[in-house]
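Number of protein chains: 2
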Amino acid sequence: MKYPNNIRKTTSNNIVPVNYKNRGMNLESDINITNEYYIDTMKAFIYKKPTPIKLVKVDYKLAKITEAYFEKPSTTDYNGIYKGQYIDFEAKETTNKTSFPISNIHPHQINHIRNIYNEKGICFLIVRFTNLNETYILMSKDFLEFIDNNDRSSIPLSYFKEKGFLIKDGFIPRIDYLKVLEENGGL
Amino acid sequence: MKYPNNIRKTTSNNIVPVNYKNRGMNLESDINITNEYYIDTMKAFIYKKPTPIKLVKVDYKLAKITEAYFEKPSTTDYNGIYKGQYIDFEAKETTNKTSFPISNIHPHQINHIRNIYNEKGICFLIVRFTNLNETYILMSKDFLEFIDNNDRSSIPLSYFKEKGFLIKDGFIPRIDYLKVLEENGGL
Numbered sequence: 001m002k003y004p005n006n007i008r009k010t011t012s013n014n015i016v017p018v019n020y021k022n023r024g025m026n027l028e029s030d031i032n033i034t035n036e037y038y039i040d041t042m043k044a045f046i047y048k049k050p051t052p053i054k055l056v057k058v059d060y061k062l063a064k065i066t067e068a069y070f071e072k073p074s075t076t077d078y079n080g081i082y083k084g085q086y087i088d089f090e091a092k093e094t095t096n097k098t099s100f101p102i103s104n105i106h107p108h109q110i111n112h113i114r115n116i117y118n119e120k121g122i123c124f125l126i127v128r129f130t131n132l133n134e135t136y137i138l139m140s141k142d143f144l145e146f147i148d149n150n151d152r153s154s155i156p157l158s159y160f161k162e163k164g165f166l167i168k169d170g171f172i173p174r175i176d177y178l179k180v181l182e183e184n185g186g187l
Numbered sequence: 001m002k003y004p005n006n007i008r009k010t011t012s013n014n015i016v017p018v019n020y021k022n023r024g025m026n027l028e029s030d031i032n033i034t035n036e037y038y039i040d041t042m043k044a045f046i047y048k049k050p051t052p053i054k055l056v057k058v059d060y061k062l063a064k065i066t067e068a069y070f071e072k073p074s075t076t077d078y079n080g081i082y083k084g085q086y087i088d089f090e091a092k093e094t095t096n097k098t099s100f101p102i103s104n105i106h107p108h109q110i111n112h113i114r115n116i117y118n119e120k121g122i123c124f125l126i127v128r129f130t131n132l133n134e135t136y137i138l139m140s141k142d143f144l145e146f147i148d149n150n151d152r153s154s155i156p157l158s159y160f161k162e163k164g165f166l167i168k169d170g171f172i173p174r175i176d177y178l179k180v181l182e183e184n185g186g187l
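So the sequences go chain by chain: W and H. Position one of the first sequence corresponds to residue 1 (the numbering used here), numbered consecutively onward. Position one of the second sequence corresponds to residue 1 (the numbering used here), numbered consecutively onward.
Here chain W stands alone, though its shape is the one from the complex (with noise of 0.2 Å):
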């Protein structure tokens, strides 16, 4: 799935009329879907950053790239603005049922998120169960707790019932994270 996702990462930048009700599409179509929901509607300014490229051979007259390889992230995919609070966030799928392995999650985005975290920015993971169908916000704060006092290399399905809080797949818009955390008191 690694190359088909990045390639819809590199487009899903661009805003273009979009179907909120379309379904069964994976996380990261939800929230590009969500996000589009929120900047049509002016609710918050939230977008998905490019997949970072090196590139290595480009046609200068045809401005076309020849040879390009994909790099990972140094921080997380998405960031933005809610009612003029920084808002930024990783969103990551894991097919295992019961716990979410902490290495999807790059040194280099942990590092990042005790940033953002420090710098009193609103930053949180959304991580999807995909097998069980159920996605879940876990604050910076309590993901940072975990990672800082657990030698684990997963963070249990429990932790994430415990502390998170579960998004319900909503209609308009695909899943109202913003709404989440506000009920929630995350923003």
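Think of the hints as simulated: they come from the structure by calculation, not from any bench. Please note that a few of the clues may not be correct.
It does not matter which identical chain is used: a pair holds within one copy or between any two.
What the hints assert, rightly or not - In silico DSSO-like links for lysine-lysine, alpha-carbon gap of 30 Å or less:
1. 97 x 83
2. 120 x 141
3. 161 x 64
4. 72 x 163
5. 92 x 163
Given the coordinates of chain W, work out where chain H should sit on it, guided by the hints.
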């Protein structure tokens, strides 16, 4: 300059060891070095977004992109957080000596700047008049006021002198735009 510039853009998102004293570079390099200085000193966390690239052909086995094209960004190039505040800006150079052509800022970007201003984010342009070696911050409020009240296709230098904040060339960091904003009430 466009494509070499874009090539730097795609790599400038990575944090690498930096010689802050490095001199005589273009505005983007100056800003990237300044942002890395802010990050290393934990003052602010402001990053350049990767250049959006449209992927056409990818060799999945090699994870190699064999055909891709540059896309115009729909938002500004830089955003991040400083003391909990959302920071968002675009940086442009012009060789003009008397005015800044508004065509340097795409309509999508102007719309984004308006949205961020309305959402109470700290949004601005950094414009360098390369032949004058003068670099100004123009706050979104003043930028929008000009384009909303003028039919001119360019913003005269005199408007930057009147409404903008001059960024003096520093040593470390290259251009301390956050300090200039603080000193001029831009934050």
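Right, here's what the structure says about each hint:
Taking CA atoms no more than 30 Å apart as the test, residue 97 paired with residue 83 passes in neither setting, with 35 Å inside one copy and 38 Å between copies. When the C-alpha separation of residue 120 and residue 141 is checked against a cutoff of 30 Å, the pair qualifies both within a copy, at 11 Å, and between copies, at 25 Å. When the C-alpha separation of residue 161 and residue 64 is checked against a cutoff of 30 Å, the pair qualifies neither within a copy, at 48 Å, nor between copies, at 39 Å. With identical chains, the CA atoms of residue 72 and residue 163 are at most 30 Å apart within one copy only, with a shortest distance of 28 Å there and 40 Å across copies.
Taking the shortest Cα distances, residue 92 and residue 163 sit within 30 Å of each other inside one copy (17 Å), while across copies they are farther apart (44 Å).
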